[in-house]
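Asker: Here the protein sequences come in this chain order: S and E.
Under my numbering, the residues of the first sequence are numbered 5 to 220, in order.
Under my numbering, the residues of the second sequence are numbered 8 to 230, in order.
Calculated directly from the structure, the hints in this document are not laboratory data.
Hints may contain errors.
Claimed, not checked - Covered by chain E, according to a simulated footprint, are these stretches of chain S (three or more residues, beta-carbon under 8 Å):
(1) 65-71
(2) 85-95
(3) 116-122
(4) 161-175
(5) 195-209
We put the beta carbon where it would ideally sit given N, CA and C, even for glycine.
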Amino acid sequence: MNAVLEYPPRGEPHPRPSPELGHVVTRLMEDGAPPDRAELARLIVRIASDQDRQAFARLYAYFAPRVHAFLRKSGLPANAAEEVAQEVMLSVWRKASYFDPDRAGAATWIFTIARNLRIDHLRRHRVAAAAENGVTEEVETAPSGEVLLLASEREAHVRAAMLTLSDEQATVLRLSFFDDKAHSEIASTLGLPLGTVKSRVRLALGRLRALLEDKS
Amino acid sequence: MKIRHHATDETLLRYAAGRLPAGAALVVATHLEGCPHCRARVAAFEALGGALLEEMEPAPMAPDAFAAALRMIDEEEERNAPASLDSARSVRVQATLPGGIPLPAALRHCDMGPWRWIGLGVRASALRLPDDPSARLTLLRVGPGRKLPEHGHVGTEFTQVLVGSFSDEFGRYLPGDLAEMDHDIEHQPVVDPDGECICLAAFDGSMRLNGFIGRLMQPFVRL
Chain S
5 MNAVLEYPPR GEPHPRPSPE LGHVVTRLME DGAPPDRAEL ARLIVRIASD QDRQAFARLY
65 AYFAPRVHAF LRKSGLPANA AEEVAQEVML SVWRKASYFD PDRAGAATWI FTIARNLRID
125 HLRRHRVAAA AENGVTEEVE TAPSGEVLLL ASEREAHVRA AMLTLSDEQA TVLRLSFFDD
185 KAHSEIASTL GLPLGTVKSR VRLALGRLRA LLEDKS
Chain E
8 MKIRHHATDE TLLRYAAGRL PAGAALVVAT HLEGCPHCRA RVAAFEALGG ALLEEMEPAP
68 MAPDAFAAAL RMIDEEEERN APASLDSARS VRVQATLPGG IPLPAALRHC DMGPWRWIGL
128 GVRASALRLP DDPSARLTLL RVGPGRKLPE HGHVGTEFTQ VLVGSFSDEF GRYLPGDLAE
188 MDHDIEHQPV VDPDGECICL AAFDGSMRLN GFIGRLMQPF VRL
């Protein structure tokens, strides 16, 4: 079961010191403004290096409800979505040492965990429609000279590109994430000709690509 | 290795979103092993997934969910079994391709079926994923100068060259290349004369295999 995306660890995972006694967090605390992206990444790093439960609480408060919503929107029933969201957050705790802020932002890393655990969940609870859902075997690839951009730059550019998309383009991209449908099926869902859907996706992805390659 | 034939953006997007059928996802994963270009695309689409995650309207967890998470963490630490990352993964004998070539890393958890003749100069071996019996993908081994089975199919066909090469109307496909063919594209791949060609093939799962190759493959993949 390839439940969670495994980034190739850079060197050994951080050694885990025993958790500080007397530093017990039992309740979810949300303080002040939502954390920014750099802070979210730092929270994961602190979980890895110190098993920092305060950091986990903050990360949980921010991400668990979003992962929950994401999985709902991805088509999981309510109870399953919450169960898998909980699994995702536990995976974040366990696998924090595999998080590499140079490769992906916190949200992207957690997205890949949610994606993979959703697939595992469907596989375990597969009903009649056996062939509909996919497995994603992750490839462990050594980071090489191919890395075009720092993860933080890439993610900033992706977000900027999203803002420049038309509503129609954004819709087909979202459907690609939240539905199993191929473009031909998206076309019939939206009542559009296949060519229109394909060209919207192409334009949307092209805009994304132009921004990414422009900056590399 | 210079890759000349890549996965389409649609396919890479569906892969990054976790929305490709199991067999097709494995073919793409095999391609990504050798293709930095497509890996960079996947990374961008995963970042898109991260952006979508962040823009979600939060759906509250149950009030005691965080406390429950901490209890599970405590229990794991007491059992002193933190993060058993891949313990369930059994060690299996590594299957090899003819000539002793190891299977691509993306396929190392697959069980490889026996090679069987499915037509003139064509043999096939069904690959199965132990933890996902629904995955459908096939290794094809085609002799030099032989045509890959001519077929009409619904959905998209993904063919990754592992050994040797073939050519069709769109060019020559060498190891590392991925041929991604929509059903409306007619093409007739022929294996190049200098040696046999081994490739990995899967279809988009939403289709019914009613083409020639589909009929040929039915006995293997029990569709």
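Asker: Now, for every hint given, state plainly whether the structure supports it.
Answerer: Hints, one by one, checked against the model:
1. 65-71: n = 6 at 8 Å, threshold three: holds.
2. 85-95: Check passed, 6 qualifying residues.
3. 116-122: holds (count 5)
4. 161-175: Satisfied; 3 residues make the cut.
5. 195-209: It holds, with 4 qualifying residues against the three required.
Hint check: no violations occur; every hint is consistent with the structure.
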